[in-house]
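**Q** Read off the chains here:
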Amino acid sequence: MEPTQPLSIKKRKIVFTLLVLLFIIVLPFLYLYATGYKLNLDATDTFVSTGGIYVAADRTGAEIYIDDELVRETRAFRRAFYAQGLETGTHKVHVQKPESHTWVKELPVYPHVVTEAQAFNMPLVPQVRVISAHRTAAGETVLPEEPIAHASTTNEYVLEDSLSPTVLLDDTEHQTLVQVFDDEAVVSLPSRIQEGIDSFLSSEEATTTATTTKVANGVALYESEGYVYARYVGEEENMPYYYCAPEYELLSEEVETVEGVAFADTHDDILLDEAPMAEVCDPTIQLDDKEQIITAFDFYPGSSDIVILALEDGIYVVEIDDRGWQNMQPLLLGDSLDMRVYNGGVYALDGAIMYQILLNT
Amino acid sequence: MNTEDSHLLPYARRKDFKVGRAVELSGRDKKIYRFLEILPGVASWVTLITVVLLSVYVPFIAAYFIIAFAVYWVLKTAFLSFHLRHNWARLRKNLKVDWAKMIERFEYGHLYHVVILPFYQEGEDVVDATLSSMANANYDTKSLVIVLAAEERAGEGAQKVAEKMREKWADTFGYFLVSTHPGDIVGELAGKGSNATWAAEEVRTKVLDPHGIRYNHTLVSIFDIDTVIYPDYFNCLVWHFMTARRPLKSSYQPVPVFNNNIWDASPLSRVVAMSSTFWEMVQQERPERMATFSSHSVSFQALYEIGYWQTNMVSEDSRIYWNLLVANDGEYDVVPLSYPVSMDANAAPTLWGTIKNIYKQHRRWTYGVENLVYIGYHFMKNKNIALKIRIKIFLRQAEGYWSLVTNPIMLFILGWAPIFLGGRVFHETVLSYNLPIVVRNLLTLSMFGLIISSIISLTLMPARPDGKSRLSYIVMAVQWFLVPITMITFSSLPGLDAQTRLMLGKYMGFWVTPKHRKDDKTA
Chain X
21 MEPTQPLSIK
31 KRKIVFTLLV
41 LLFIIVLPFL
51 YLYATGYKLN
61 LDATDTFVST
71 GGIYVAADRT
81 GAEIYIDDEL
91 VRETRAFRRA
101 FYAQGLETGT
111 HKVHVQKPES
121 HTWVKELPVY
131 PHVVTEAQAF
141 NMPLVPQVRV
151 ISAHRTAAGE
161 TVLPEEPIAH
171 ASTTNEYVLE
181 DSLSPTVLLD
191 DTEHQTLVQV
201 FDDEAVVSLP
211 SRIQEGIDSF
221 LSSEEATTTA
231 TTTKVANGVA
241 LYESEGYVYA
251 RYVGEEENMP
261 YYYCAPEYEL
271 LSEEVETVEG
281 VAFADTHDDI
291 LLDEAPMAEV
301 CDPTIQLDDK
311 EQIITAFDFY
321 PGSSDIVILA
331 LEDGIYVVEI
341 DDRGWQNMQP
351 LLLGDSLDMR
361 VYNGGVYALD
371 GAIMYQILLN
381 T
Chain C
4 MNTEDSHLLP
14 YARRKDFKVG
24 RAVELSGRDK
34 KIYRFLEILP
44 GVASWVTLIT
54 VVLLSVYVPF
64 IAAYFIIAFA
74 VYWVLKTAFL
84 SFHLRHNWAR
94 LRKNLKVDWA
104 KMIERFEYGH
114 LYHVVILPFY
124 QEGEDVVDAT
134 LSSMANANYD
144 TKSLVIVLAA
154 EERAGEGAQK
164 VAEKMREKWA
174 DTFGYFLVST
184 HPGDIVGELA
194 GKGSNATWAA
204 EEVRTKVLDP
214 HGIRYNHTLV
224 SIFDIDTVIY
234 PDYFNCLVWH
244 FMTARRPLKS
254 SYQPVPVFNN
264 NIWDASPLSR
274 VVAMSSTFWE
284 MVQQERPERM
294 ATFSSHSVSF
304 QALYEIGYWQ
314 TNMVSEDSRI
324 YWNLLVANDG
334 EYDVVPLSYP
344 VSMDANAAPT
354 LWGTIKNIYK
364 QHRRWTYGVE
374 NLVYIGYHFM
384 KNKNIALKIR
394 IKIFLRQAEG
404 YWSLVTNPIM
414 LFILGWAPIF
424 LGGRVFHETV
434 LSYNLPIVVR
444 NLLTLSMFGL
454 IISSIISLTL
464 MPARPDGKSR
474 LSYIVMAVQW
484 FLVPITMITF
494 SSLPGLDAQT
504 RLMLGKYMGF
514 WVTPKHRKDD
524 KTA
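Protein chains in written order, with our numbering: chain X, 21 to 381; chain C, 4 to 526.
One or more of the hints may lead you astray.
Claimed, not checked - Derived coverage of chain X by chain C (criterion: at least 3 residues anywhere in the stretch with Cβ under 8 Å from a Cβ of chain C; other residues may be distant): (1) 31 to 38; (2) 66 to 72; (3) 116 to 127; (4) 257 to 270.
Claimed, not checked - With a straight-line cut-off of 25 Å between C-alpha atoms, the simulated PhoX-like cross-links for lysine-lysine are: (5) K30/X to K363/C; (6) K30/X to K391/C; (7) K31/X to K96/C; (8) K31/X to K471/C; (9) K386/C to K30/X; (10) K30/X to K96/C; (11) K31/X to K391/C; (12) K33/X to K145/C; (13) K31/X to K359/C; (14) K33/X to K21/C.
These are computed hints drawn from the structure, not numbers from a lab. Using N, Cα and C, we set each Cβ at its ideal position, and we do this for glycine too.
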């Protein structure tokens, strides 16, 4: 058996040349694909510009739909979905989860641009933990009356009336939270942020005060003439996508309830031109209040995209993102509930009974 | 002309022929050499920083570049894999060839093989295993001249090992010489090169000349002390020597496989060691690009004509080839043997120790970039080598050292830079979202090559020893997923470290790789 020689230079050159040709041929197609062009042999234009949608859900077990087609069931490490190759125009996105409210949005897709959105699904029946001034020696919370009916309590409680005379212990947590509800912390804002707010408000004869202003991640929430506004006051580079978003035509008729929109008939898709640039950007968005009086407001814990509003008929979670409309879902229904966000928790006060509304259930 | 230098080739008589560092030169030559020392590090750092800056200021261009680079990487992997598979087939075939029969057609009885084994403080078992493999070679051992090259500064222990080996093996071989390299020679860098040069001169004056053994009838095999040869090494070497285009102007390069302790080494060690083997196998299919590496063979005459190895630098195993190429005006070859020699994979008692040792070893290997400086300098001086060849060789070597450092970092780390640094406008684009997907998919494609690597590595391994479970094969196969980590940690980073040291003038010394085997009896 004779030993074989190394690869001939000729053979190596042939393989090398083939690979170079492959590189030259493949690369332009890869660029086109990566930037959002789609090959469409049916159309007059061979390459069609497309865009994308990125939807993130806040919970696992949710289903993400784009144009009524299920695209993702969220899991622990897969809570978002990126859809590419979408035709430019308006697309319907909804995120639903069993026993939770549905989040719906109609979003514009522009050529070579990804439209982002953050969904949320509050439970249909909220879970609450009742807190009162007293508890029994066994640790049961003592309540003066039955708690709110359309909520599910997670801790043991007894009604005051049903107790035989016994020693009641003070609940220190309740004492702390009473203080929270009584005091509205005075927030001293950095001058840059205060100036940003004042410069906008000065032309509106505003009556806001610093005490009702909340700031998180460059977003300032404040009240003016009974309305609550979200204003982005951070670095422009980091401004969320929905501030200064251009107008676009919706697919569906305007309906009253969010659930109704999810199943409304759609119009023909309306093609959009390239993403229009906002001429003058005023990063201020008014929050939907259902034409009710807002008694309290704050950021949803851990988020600067979602706000909690205490309205006359309940506590609601509403998104700042007003593209199309603002999704609003009830957190806890009840008349004249007061609300505070404290140490990452959401607390509601209904007269004598205090509730911690449990999130991430 | 100094009579001491009369045996040297004309170019090898130059004072700067064996330059090791810029500080050894003066005037304009020093500036040129220093500039060349700075060049590789600057090129690597500028590349990496440029990718970061592109990501910040022109993220679209950075993204397009990264995609193009990922495609290039996939195709390059395929190209190298093509070479690897061909050499794998050749290697397996060469292991089955009856080399003894192959060389019967030649007159080779006059040939002698000097085997120089520089060692420091390696254990007796390591040295013994090497000598045992020589003794069991399928070749007339009386034609072998063994030189156990000890270091004076290694102390009494090394001397004892050497003497013990002489007592045990001297009668087996034609000649058995123990040389002791003095530790106080001015101008020398302590290391394998200076030891080997001392040993070569010792064997010339004490064995070759007194016994009338001609230099052009003598082949020198310079082996690391842990090198265990396969039985037909010398037969294979003789065949290639006899059939080479210019046998006295050629070096003969086997394929280093790190099998001595492969079953005891950690997966990290194994992947790194096997990657080195694969690289050498690829190079064996491109002989015009080869330089010598680690254990190899060369004619004594060629060595004598250039005054043996350099004693003032680190990577003497590759430098000797460049010395020979330059001194012979470009008329010098490396002949790939496509036949293995077995060596030790880097292993230490602890995992952290192993990691440190591998890093240091690879930093020493990648300090071979000092050869690029040497090449660049002497290619400017030696106009007898055709300009086209000088340019081609220099650029090829430069690309090799640059890509070794930058490519893995660009691919596995900086590929995501535009996404994090590109700013809001870029972040909202489809390109920004698709960039990690495209790069990930391309890298996954290139990882298919790992499956081939895994298969090849299993076929090159020695038989599973008793005491090792069959599950070890699964580990051996799956360990290749460590490649992205090893490429950066043990290739890019030590390479960048070495180039930066050279750039800053913080010259490295020689670092002896500790040899550790499970049943080690240290000297």
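**Q** Of all the hints given earlier, name the ones this structure violates by number, lowest first.
**A** Of the numbered hints, 3, 5, 8, 9, 12, 13, 14 do not hold.
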